[in-house]
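Enquirer: Sequence:
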Amino acid sequence: TLNDCSGRGTCVCGQCDCDTRPNPEEKISGPFCECDNFSCDRHDGLLCSGPDHGECLCGKCACKPDWTGSACDCRASNDTCIPPEGGEICSGRGDCVCGMCKCHQDDKGHYSGRYCNKCPTCPGRCKEFKECVQCLVYKTGSLTPEECAANCTFELTVVDVVEDREDLDENFCAYYDEDDCRFAYVYSYDDKGKIVIKAQKERECPPQVYVLGIVLGVIGAIVLIGLALLLLWKLVTTIHDRREFAKFEKERSMAKWDTGENPIYKQATSTFKNPTYAGK
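Those letters in the sequence shown? Residues 1 to 280, by UniProt numbering.
Treat the hints with care, as some may be off.
[Unchecked claim] In silico DSS-like pairs for lysine-lysine, Cα to Cα no more than 25 Å straight-line:
(1) K127 / K194
(2) K127 / K139
(3) K201 / K139
(4) K247 / K234
(5) K194 / K102
(6) K198 / K130
(7) K64 / K27
[Said to hold, decoys possible] Each pair of labels, with its calculated beta carbon distance range:
(8) E163 / D52: 32 to 38 Å
(9) L216 / I239: 32 to 38 Å
(10) W233 / Q208: 38 to 44 Å
No wet-lab data here; the hints were simulated from the structure. Cβ atoms here follow ideal geometry from the backbone N, Cα and C, with glycine treated the same way.
Work out the full structure, taking the sequences as your base and the hints as a guide.
Expert: Now the structure itself:
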């Protein structure tokens, strides 16, 4: 019947004759055709994560010693969860799950990074490398050239831009120096546990303020405004004087007295007639 041989074969003389797959590498097997080598879990499209991780036996992945999980996609060892410089698994701040650290989040801070060694709210080693970065990259800071050469022996690379990225196993640091310029760098560890630092090529400084230029500009503006006001006053007084002179000329031309007599002159003597005087 159709349900015989798990629906994937034909019962012939009491035995299952399993079906053949179009792909010759895919096999159906078992007394009842209940097994196959192609229906196991996949990871990234690969059956049992590929032949290097495991093989599909009777519908389940049989993982190789270094791998575990339903698709043999998880490392059985915790070695990949231990920082290169050594120490605890996931720096003691997380659990190693499938070969990767799953970091804890508690009252002390929120840890992140490949080994749970990054914590924005926790003190790190930024201050330890600050003066070395200043003297090696920017030729600033308190260290002398001799002290810089003797104390700053780690590997340092200068890059155009440094960013604070959670997806990279790097610790971001940024400070302001005595010139009020911001400089940034990141530090990490190589495969041997040595410190590796990448520093930004240029500092980010505020725009320079030219005090002398500002003072001269203010003085020049005051002088120009004073000259403009002086010219305006001169123009107004000139117009006013011309109007007054024109008014005076007009009034003089309209005067009615003779040219030889002053209308405001009065003689020194006066003559009076007595009406009661009748004669001599």
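Enquirer: Hint by hint, say whether it matches the structure.
Expert: So, going through the hints one by one against the coordinates:
Of the pairs offered as hints, the one joining K127 and K194 holds, with about 17 Å between alpha carbons and a cut-off of 25 Å not exceeded. Among the hinted pairs, K127 with K139 is consistent with the structure: their alpha-carbon atoms are about 17 Å apart, no more than 25 Å. Taking the CA atoms of K201 and K139, the gap is near 12 Å; set against the 25 Å cutoff, the hint holds. This hinted pair checks out: K247 and K234 have alpha carbons roughly 20 Å apart, not beyond 25 Å.
Between K194 and K102, the direct Cα distance comes to roughly 24 Å. Compliance with the 25 Å bound is thereby established for this hinted pair. Proposed proximity of K198 and K130 is supported: the alpha carbons are some 12 Å apart, at most 25 Å. Taken as a hint, the K64 and K27 pair is honoured in the structure, with Cα atoms around 21 Å apart against an allowance of 25 Å. Here the CB-CB span from E163 to D52 is close to 35 Å, well matched to the stated 32 to 38 Å.
At about 35 Å, the CB distance of L216 to I239 agrees with the hint of 32 to 38 Å. Checked against the given bound of 38 to 44 Å, the beta carbons of W233 and Q208, roughly 40 Å apart, stay inside it.
Violated hints for the displayed structure: none, as all numbered hints are satisfied.
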